[in-house]
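Chemist: The chain contents come next:
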Amino acid sequence: MRAVCWYGKHDVRVQSVPDPKILNPRDAIVHVTSTAICGSDLHLYNGTIPTMQKGDILGHEFMGEVVETGSEVQNLSVGDRVVVPFAIACGNCFFCQKKLWSLCDNSNGNAAVADMMYGYSGSALFGYSHLFGGYAGGQAEYVRVPFADVGPMKVPEGMSDEQVLFLSDILPTGFMAAENCNIQPGDTVAVWGCGPVGHFAIQSARWLGAERVIAIDHYPQRLALAREEAQAETIDFSKENVSERLQEMTGGRGPDACIDAVGLEAHGTSPDAIYDRIKHAMYLTTDRSHALRQAIYCCRKGGTVSVPGVYGGFLDKMPFGSAFAKGLKMAMGQTHVHRYMEPLLHRIQGNGQAGFDPSYIITHRMELKDAPRAYEMFSGQQNDCFKVVLKP
Amino acid sequence: MPRPTTTVENFPAPPAHRTKLPPEARMPIPRSGEPDAPKNMARWDRLASIAAGAAMAGYGLVRGKLSGLALAGFGSALVYRGASGRCECYRALGVSTAKRPVATAVPAQEGVRVERSLAINRPPQELYDFWRDVSNLPRVMRHLKSVESREGERSHWVADSVMGETVEWDAEVFNDRPHEMIAWRSLPGGDVDTAGSIHFRSLGHERGTLVEVSMKYTPPGGKLGATVASWLGQGLQQKIDDDLRQFKTMMEAGELPTTSGQPSGRR
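From first to last, the protein sequence lines are chains E and R.
The numbering of the first sequence is the numbering used here, which starts it at 205 and goes up by one.
The numbering of the second sequence is the numbering used here, which starts it at 335 and goes up by one.
Treat the hints as calculated values from the structure; they're not laboratory data.
For clarity, every value in this text was computed on a predicted model and none was experimentally measured.
Some hints could be false.
Pairwise CB distance ranges (calculated) [said to hold, decoys possible]:
id: 1; chain 1: R; residue 1: 592; chain 2: E; residue 2: 319; range: 44 to 52 Å
id: 2; chain 1: R; residue 1: 507; chain 2: E; residue 2: 524; range: 49 to 57 Å
id: 3; chain 1: E; residue 1: 213; chain 2: R; residue 2: 572; range: 32 to 40 Å
id: 4; chain 1: E; residue 1: 524; chain 2: R; residue 2: 347; range: 33 to 41 Å
id: 5; chain 1: E; residue 1: 412; chain 2: R; residue 2: 349; range: 33 to 41 Å
id: 6; chain 1: R; residue 1: 544; chain 2: E; residue 2: 587; range: 51 to 59 Å
Counterexamples of contact, computed for chain E against chain R with all Cβ distances above 12 Å [stated by the list, open to error]:
id: 7; residue: 237
id: 8; residue: 428
id: 9; residue: 435
id: 10; residue: 444
id: 11; residue: 445
id: 12; residue: 448
id: 13; residue: 456
id: 14; residue: 471
Just some of the chain R residues that point at chain E, by a computed CB distance under 7 Å [unchecked claim]:
id: 15; residue: 455
id: 16; residue: 459
id: 17; residue: 591
id: 18; residue: 592
id: 19; residue: 593
id: 20; residue: 595
id: 21; residue: 596
id: 22; residue: 598
id: 23; residue: 599
Glycine included, C-beta positions come from ideal geometry on N, C-alpha and C.
Please model the complete structure; the sequences and the hints are all you need to start from.
Modeler: Given below as structure tokens:
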């Protein structure tokens, strides 16, 4: 089969590789019909996530048709159309039973390494480095899905791939980011980063009752999308001072909740952002955390900082004193996708109310063989390229 | 959902009674540093220690100066060590020059001992049942090649050793409390002297079972082997941790995660 393989920084290639096989009784093989490139794939593309190996198959947003099931998979049949959560969860451990699916104890076969790095290991993820299990990803014609009796959700008749594909990651991720804000009536939520996750966080904050949502970015197209599709007010950080603007807009009180949907490769023009870039270029820091610093600094006293953006290592110059002084709550982590798939499917369908078709965020539809060009474009032209869907 | 703010009205009532855990029922293994730790030095060893220590102390005192004083201190420690018959260094290294008692598989103060525990999200009965059938163990313990049940409570174990060699021994279960604990020890004549126990204790509150493993063994190669192995004691601990984790995953997920055999663009 053909698959998108990682070979190093800015080097992905479409290669012929063997078809995946069932390796465990709870596995299934899925023929991929649609797969997307995620903003977090760009961290791999830019070489900022450790423990990647040359030849690893990328991709954690995918869906398709079941073509084979292991002996223990009773809930799926050959021919079922499924969308697959990017976090791999066994369903039976202490964490899965508490519905903390992305913290599954058993899916990461390399947990000992992650234990050493993080204290304890989270769940495995598809196509996201050996630290997270080293599982081959779904930017391929076929993919092996472990614990297929727990993760994949069947797609109802009559729904298109593009309507449900984003249930695999970014829609639940944006939603969890907003849910973590514990939004109360009248709340203002500020969102750093208006990429797909930030955009869906804005939408979700609205659904959960936020009075106002303020979107922060520097790409005009992304800000426009947040204004037009999600009724957000916007701040262009390249033109305005974010913290002053936020103060003005909230009567000096600050946003009730701040969402960092940027993660470890924050852009920015402030002194600390430049300092980060230099340190990172000299391999003196792992994460460039300008967005998170600003979110903490701008949040109102007693507010919540919610972090769907990915961080991997040690953060420098974190204003923890500010977080402490203001009594902030913080919530973060990989998304417990399994929790949100059904409710968000309902939201998409509408069920009596107006539905939500998330496919409007797709700007590029390409063939799998064009993946290298797609990565280059998504990485380099973030203004015009919002979301790429690949069709194997 | 977040818990509502605590007020006088909704202040949680203290629990009516504490969950009582079953009494500690470990194998009695003396810990190092305990005052009644057994003597681990032979008579010749003790006399040599006293003689050398006295000489050193004497020379040190005659010599004076700071270095002499230090030598005197070290010498008197040797005298004490010889007089008491207990050597902390030997204990730390897991060796002894004293005569072994005959009855136990591994003399209390020798060999390597590791105690580890892990919470597993299954009921004690299930975990006990898996472990009670010793032929299951190679499925979760990488270094075991095979374990066969023999007549009665006996079994035959084959394990990987260093340099591609294998070691074999017979063992018997000498204590068995269904759904609570199993204790075993090797029988004389094998390549390895080992003893161990596993306890299963329900944690309640849907938190599964606390599994506690205590293992002690004298590896092949007698005292020298024991010494080397005690240096590698961390390695043994890691191995038992790995085995426990695999046991946990096998019991919880029903299979062990793997990626070997999956496609990649490596060539």
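Chemist: Checked against the structure, which of the hints given earlier come out wrong?
Modeler: 1, 16
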